[in-house]
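Undergrad: The residues making up each chain are set out below.
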Amino acid sequence: MSQVRMLVLIAVTLLIVLCSVFLGPRIVSPMATTDIDKEILFSIRLPRVLVALLMGMALGASGAVLQGILRNPLADPYILGISSGASLSAALGIIGGLTFLGTFTVPMLAFCGALVTGGIVGVMGWKRGGLWPDRLLLAGVGLSFLFSALLMLMMSISTDEGLRRAMLWIFGDLSMSEWPRIPYGLAFVMIGILLSTTRAKALNALILGDEFAHSLGFAPRRERFILFISVGLMTGASVSLGGMIGFIGLLIPHIMRFFLGSDSRMLIPASALGGGALLCIADLISRSLLPPLELPAGVITAIIGAPYFLYLLRRKDVLSI
Amino acid sequence: MKKILTLFIHDRLIRFYPRPDNVIEHMKNLFIIAALVLGISTSISAEIASPPKRIVSLAPNMTEILYALGLGDNIVGVTSFCDYPEEAKKKPKIGGMSDPSLEAVVSLKPDIVVMTTDGNPKEFEERLRSLEVHTYVSQARRLADLPRGIRELGVALGVRERADALADKIAAGIRNSAGQKAALASPPSTPKKILFIVWPEPLIVAGPGTVINDAIALLRGENLAATAKTQYPKYSIEEAIRQAPDVIMIGKASGMDMQAISNGILQRLATVPAVKNGKVCFMGDSLYRLGPRVVKGIEELSECLK
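Protein sequence lines correspond, in order, to chains F and B.
Note that numbering that gives the first Met the number 0 has the first sequence beginning at 0, numbered continuously upward.
Note that numbering that gives the first Met the number 0 has the second sequence beginning at 0, numbered continuously upward.
The shape of chain B in the complex, shown without the other chains (with noise of 0.2 Å):
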């Protein structure tokens, strides 16, 4: 929330600077940053005195941090797309990420719904602001964001040593993950070179910008679609055939039967040393979401790189 707010006014104040030819504008400018400077400070007071009642989720990975958290009884809301824990898909839902329903998020009365940058649209928050529903969104979209992430959500939800615990348990299990520690003991003079596909047909793997990418580079592995110039690239199997992978990890789909639907591209890769020598593996979906899970993730792949 105060990240927001801040990045809002340095928004504001970067415009009132250099064009000071419109006074009505200016006036304006400082009128909504003398009442951003006096939302912050009641918001906050308001807001660290005990955590909400009623949160809405906006993001499958939010939800999974809030019941981390021990929030999971005062979330009122989730999307469809939030499927774990398990008691999360009994939750009310309000529609998917990218688009939520305003009237069924309004109609919950959060006291805070919770968002991210990383698939809810911010047009979506700047409604909810002017129906002055109270927003919190996450800026974090790399591994390394996550534990600050989590502690600065605490910090607005008022749940700050939990957050903060859970925020330590996460970045040391990343520091910790066994594979990690192997990596770094006996470094691989040449790292294994992966390819990990989110999708088979067409073949569309995690490129750049992404957890996945930044786990494997975690792992000192080398991820093929590491140079693509989108974080989802359609990509090309001539290319991944003479890039020559010597891992190739499959991810989850909900509800997709992976090794059924893979047959097919693996028969097309069937020359590259990661199918000739079996180095395939069918992985969870741990690591699609930036949540307490990602430390299981990257010991999945540890498990998958030894």
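Looking at chain F on its own, in the form it has when it is part of the complex (with noise of 0.2 Å):
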């Protein structure tokens, strides 16, 4: 039964993804026959959605590893700081306007600072031989304090007008997709979900307590910090190509739980084609709506994502990661 289910998201989604392609502020047909058109098709639509695809899986997977591993129905990638930490660091970047490796600078100055601050929560959240839970989660809460007041901070002394457009940045923007982002992020998140999901049984148990992992031949520490490797990339790797989009990473998992159960083996791959699939849509709209203005791809996605959950909980009486 859930295979079907399976297959029929996946169908969704890619269906979703070629309608992204084709449709927007003007639709632009397949057999692409003036120069125009062709350019805008794989200069900029292609890129654009499978970044927001990529950036969706990422979101959604690393959305459901991470509810698993702090045991937390109420915890998303951005938890961690692990986006504060790309934000502080791709601001600098903007407000700075260092520009020592091109269009990449601000890309690659978020991914290091999203993989810095995974290590540092990382560290705070090891004791006694392994990752806890709860230090993981508290330590990933203090830090995302830390890091968005230094960033209020360096908003509220710069003058500069870079200042704004970071927060545009930080904000989510899809605008900028191009293809030599596609391979690093492609390459990261693939490794994320490909980890995620080969250890979706090892997190199963997890999620029933240590001791029962344990009873079940897993090592607890172990699993759990192979899968926090994973979030990071993941979500890192988001971050760093489109900055901050909200509701994917927290409620995705969630909708997909109503639908297919909470085997994760199940779960994170449908969490990341949901995710896809959602910020597709999202973006979608965002490009189309008002042109030639675009709104911000991460609005849309809550307005169309949360009265759907908020109807999904209504109809549904069993909660559970």
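Be aware that one or more of the hints could be misleading.
[What the hints assert, rightly or not] Computed footprint of chain F on chain B; a stretch qualifies when at least three of its residues, placed anywhere within it, have a C-beta under 8 Å from a C-beta of chain F: (1) 200–206; (2) 233–241; (3) 252–258; (4) 263–270.
It should be emphasised that the hints constitute simulated quantities derived from the structure, not laboratory data.
Just so it is clear, the structure is predicted and the values come from calculations on it, not from any experiment.
Using N, Cα and C, we set each Cβ at its ideal position, and we do this for glycine too.
Hints given; two lone chains; assemble the complex.
TA: Listed below in structure tokens is the structure:
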């Protein structure tokens, strides 16, 4: 049964991806004939849709993994402070006008910021030879407050115009998506999804408790560490691809649980697909609604996603991680 | 000052007449109107006598106008954005445009605080007035409003003649700017399509209601973003490609190497006529501020359009 639903989900996601490539402020026919249409299709829309798909997949999957390893239904990829660290270092790059790697500078800085922050959270969450869910969570929250405060501090003392623009980047911008970003984004997101899906059985056990996982033959601390690494890679790659997009990481895993149940082996890939599809639709709407003006995709994500989630919440009576 | 008060009275009157249902409210309104009328007569007579000794400016364009009126020495406080002329940087700072510090402004004991409706919060003006600090709020937002705005400021600050001279000079400058003359002499059959980039990543351009839009219209160009919904829209790159601008102008953000950070967007717009034909101009920041430098900005613009 759930295999069938999974196939449906894959088909729907593919359909949405195709739609978002050919629809937009204007419809471009798949048989694009004019030079302008070809240019728009290949240089603007395809990379943009792929970036949206990758970001959404990374956020959905890492949300599902994180809610499991932290045993907390409110966990999302941004709660560990990884995104705040990424935003802070990206903002430093934008405000400082750094361009040493060309258009790659800001995404690269964001990714490094994410990895460094992930490392710090990991060290803080490490005690007696392993990562502890509560410690990780609290370290993440603490660090995220610190970095947000530093970001606000930079905002309030800087007089630069660049600052307001840095904010625009941080709040999610897919318009600068370009081909060179796809390979590394694809690599990190796929590594993350594969790594976490192969550890999905262990994640199922971890959700039920460390003793339980241990009795099933898993090393809880080691498994949690591997899963944590996969979350760090995916979240970092996602923030560096296009800034922060809320909602997906927190609520897509819950929506997918409503459909497919809590088995992580299904839930992780399903959350990835659901997240990717939702961000593609949101971006499609954000660029087609009021052209030539573009709206922030993150806003649309929550506006279409949240009511649907609330509707599901009302209909179902069993909730679980 | 007078205009604000008149507006305020007007607002009160409108509220006063259609709903004659609350006598106390009416009495209060009448009282306020009376107080305001008295206030106007006293404040005007006080202001015309001699230019205020201590002026605080809450907007970079107002700072520039004050310097151009020869009141630079009377300025005792500016915003952190006021970086022109060079001396303005040395004045004490009172915070930003949207978030000035009330304490900093009041502690400077200003005779008058010069503000603008284009960037300063209305509530701040109300707070200042409630603390009995004199304010002048400039209503000018568009290019065509500037000369009149300067004249009104001159009246409020008691430097009427100087203000009239400056306003005349700017009005003449706008009328006579070389580019406009050329454009009027031989209006191009199809206006040049212009995209004025304010920030390259993400792409933000100058849209309707901006001085830049006015200046482009003045020079008979076509601002491609003129139909967008906001003043500084985040612009669709694919629409920019479709609209095929003939000229791309890139504004200056302070402290930024615009050429370096524009490489990416120019690569993405590589197929539009402007980039193909090398009609990409890096501009100054003159047109971002509705002040004495707009004439220079218009000249820069027409230079780029040649």
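Undergrad: Determine for every hint whether it applies to the structure shown.
TA: Going through the hints against the structure:
Counting residues of the segment 200–206 of chain B whose beta-carbon sits less than 8 Å from any beta-carbon of chain F gives 4, enough to reach three: the coverage restraint holds. For the segment 233–241 of chain B, the stated coverage by chain F is satisfied: 9 residues place a CB nearer than 8 Å to a CB of that chain, which reaches the threshold of 3. With 5 residues bearing a CB less than 8 Å from a CB of chain F, the segment 252–258 of chain B meets the requirement of three and the coverage assertion stands. Only when three residues or more bring their CB closer than 8 Å to a CB of chain F does the claim for the segment 263–270 of chain B stand; here the count is 3, and the claim holds.
Checked against the numbered hints given earlier, this structure breaks none of them.
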